[in-house]
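> Next come the chains, spelled out residue by residue.
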Amino acid sequence: MSTRLNDSILIRWLRGILTNKKALAGSFLVLSFIFIAFVGPFFTYDPNAFLDTPLSPPTFTHWFGTTGQGQDVLAQTISGARQTLLIGFCTGFFVVVIGALIGGISGYYGGRVDDVLSMVINVFLVMPGLPLMVILASWLPPGPLTLMGVLVLTGWAWNARVIRSQMMALRGRDFVSAAIVSGERNIRIIVIEIMPRMLSLLASSFIGASIYAIGAQVGLEFLGLGDVSTVTWGTNLYWASNDLALLTGSWWTFVPTGLSIAFVSFGLTMINFGIDEVTNPRLISERNWRKLLPKGKMNDGITPVVINHD
Amino acid sequence: MTDILLSIRNLDVEYITPGDPVCAVKNVSFDIARGEIFGLVGESGSGKSTVVQAILRTLPPPAIITGGEILLNGKDILSMSDREVKKFRWQEISIVMQSAMNALNPVIPIRKQISDVLYTHKGYSREKAHQRIKELFDLVDIRYDRMDSYPHELSGGMRQRIVLAIALALMPPLIIMDEPTTALDVIVEREILFKVLELRKELGFTILFITHDLNLLLEFTDRVGVMLKGELVESDEAIRINSGGQHPYTKKLIGALPSAAGPRRKDLLPRPEQFKIGEKPLIEIHNLNKKFHLSGFIRPKMLHAVKDVSFNIYPGEIVSLVGESGSGKSTIARLIARLIPPTSGTIILDGIDIFKSEPRSASLNYRRKVQMVFQDPFGSLNSVHTVFHHLARPIIRHRLIPQAELYKYIIDMLETVGLSPGSLFADKFPHEMSGGERQRVAIARALSLQPELIVADEPTSMLDVSIRMDILQILADLRVEKNVAVLFITHDLASARYLADRIIVLKNGSQVEHGNSEELIQSPQHTYTKQLIAAASPGWLKKNLLKTNENRDSK
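Chains C and R supply the protein sequences, listed in that same order.
The first sequence begins at 1 in our numbering and counts up one residue at a time.
The second sequence begins at 1001 in our numbering and counts up one residue at a time.
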């Protein structure tokens, strides 16, 4: 008995992503941040220790300078990455899992089940996310789990909605009917037959949700709604603002953290573009097509005549 | 030499892909004389629609034209400037598309859609446009007071006539018709083609007609071009194509066509000798009804898709449900496969009324006994799984075969449906196979549970004409080898005639006629069946044209 995985569409996608320039660049960026977050803290100063004159600009001992409390900015940026990225990716994961579960069940079964679950999804969609987030975060005991809970609670509904409509579209396809006719159980149809078909959607949902989670988390902590005693990118910015970094012109206290957030989001977005191009080859075809057009000509609905192209 | 209107010389079209460009049309050349009807026939993907869109230069990205000439009245369309292309488009060549519902804008009254053309190209005044629209409506036999209707208020045939009127609006010398009747019923199709021929006689335009239906082309056109994989393999007078053609592919196309009329051909799907159909009904269907709720919040609408349908199928019998789209035949298939519940009615399988007295475990048992083959082999197989998975899952679910023998059993199944060597196909993914191979896999999957009834919902309609008969042959063989009954659902009376023992004709959800297939074809009772058979018989168009001419003369 043999099952050949090599040419399965999933493996082909993976291979495509591994050879896609955008996805590669994005992955390199994100993975290097994860790597530094993981091993970096073993090589830097203690991020909480008072080390030097407060607010001193970058020097050879402190590459990124020091904060208002005399802590090393490089050490803070690196160890801040740990919690921020961990919470970001975990939130992304749970948002997709809950979204897939509720959206998937809602879209697959339809009828009454869909009526009830759709209503729940809609309630969460119309709830104003940001104020709710602020209220919950200030009311619950501060800490990473609280942050994650709040972010998942306010973020899952949109994903559920998207996955639900994708599920409804796939539900009507003949391969699902064929599985039903062969006597397959519903749960198996959802997990084994349908979910693999949604993999690109799930992957890009995960990435989108992670970007959202990192941004929202940093925002909450910046407002002082996180645990200010921990070191994260959000609290770094919170302390920078508390120490009047802008007024004193000590740019080095917030620029490294800010750039890190921007780079991680950029890297994730590049991965998303890569997934898009791999699962929808038409995007690349049309880009190559545009290159063949005479200079300055746009797509105006008239098929171009290109003789002797290579 | 005759007067050439359109001349295509060595046309090449490529599609840009992430890898190497794909050649969609290779070195195609043909001429169309003024006033003639030229037909282009080919299977899906053969490039016939690409040729048409290249003529109008409306191919969407990522297509490019890489070579050749398209001369209309001696002027090359491919070397025109963009402004000239836009001007010539409706002025010199217009097009009638396949789906009138998509060609017309649903939120604009049809009058405005016609006048738009007149304003843009001719700069007509309001009154003048009005006058012209009136003439056009007269031409296509639509009452003038319908001109403020929206497309959805018209029937399919009327919509297609409106599209025809728009195509005629500027009186272009050439009209392209890209599968103009494929979405219509046979009877309406007849009406439309009839109208086209009449108009051509009156107005004298030239027609380039595209279809996958060779039967229709041979009726309708003067000359025919046959396309295969982007190349024009043959182009000749329709009469000569009809008598066999030169190219082996054309020969295959002609030979593959069963006909609904005339005496039965002996060489196609011969009736099995010494085969006995069981005497006790395998499945009894009584007064089956299905109503669908349509949208509408205040006044919910109902669609009565299946009305009081009753019939029996005996073990080993092939019964065919024949009807146009919308006749409810696919709904019946889904009801019998238990994909949707009926509104009322009973289905009795092996003496058990499945909706009433069915024990809990019996539903799985029903699934084993009644299997289904779907219309679209591209959609009914899951692209992420291998053929082996598709066949193995049902068997594992029903614990039919011990694990150790599973692989061998599946290889056997694949070879039964003509996929040999089976071990090669077991490891394939759907995208690595042709449409015909996929449909064989779908049949093997249905067969792997050793069912007593296979519901086949238009199993050949998405396949290329040249391999349709092979699939029908598999179904015909199966019932002899495995004694499995088949409910064959189709819109094609001819294939029903050759495959089935009995035919049930459906119209608007009701049974119209029911009988032994050969008797029903030879002596239909109901008017609707008669119309269907007449429309599917060779020579119907010419016969009808003669008739109208006589009528005219006698007037």
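Any given hint could be a false lead.
[What the hints assert, rightly or not] Computed footprint of chain R on chain C; a stretch qualifies when at least three of its residues, placed anywhere within it, have a C-beta under 8 Å from a C-beta of chain R:
#1 55-61
#2 210-219
[Claimed, not checked] Heads up, simulated DSSO-like pairs for lysine-lysine below, C-alpha to C-alpha not over 30 Å straight-line:
#3 R:K1086 / C:K297
#4 R:K1201 / C:K295
#5 C:K291 / R:K1530
#6 R:K1507 / C:K291
#7 C:K297 / R:K1301
#8 R:K1507 / R:K1307
#9 R:K1301 / C:K291
#10 R:K1291 / R:K1301
#11 R:K1307 / C:K297
#12 R:K1087 / C:K297
#13 R:K1280 / R:K1195
#14 R:K1087 / C:K291
#15 R:K1291 / C:K297
#16 R:K1276 / R:K1291
#17 R:K1507 / R:K1195
#18 C:K291 / R:K1356
#19 C:K295 / R:K1507
#20 R:K1482 / R:K1201
Hints are computed from structural coordinates only; laboratory data are not their basis.
Virtual Cβ for every residue (Gly too), placed ideally from N, Cα, C.
> Give me the numbers of the hints this structure contradicts, sorted from smallest to largest.
1, 2, 4, 5, 6, 7, 9, 11, 13, 15, 16, 18, 19, 20
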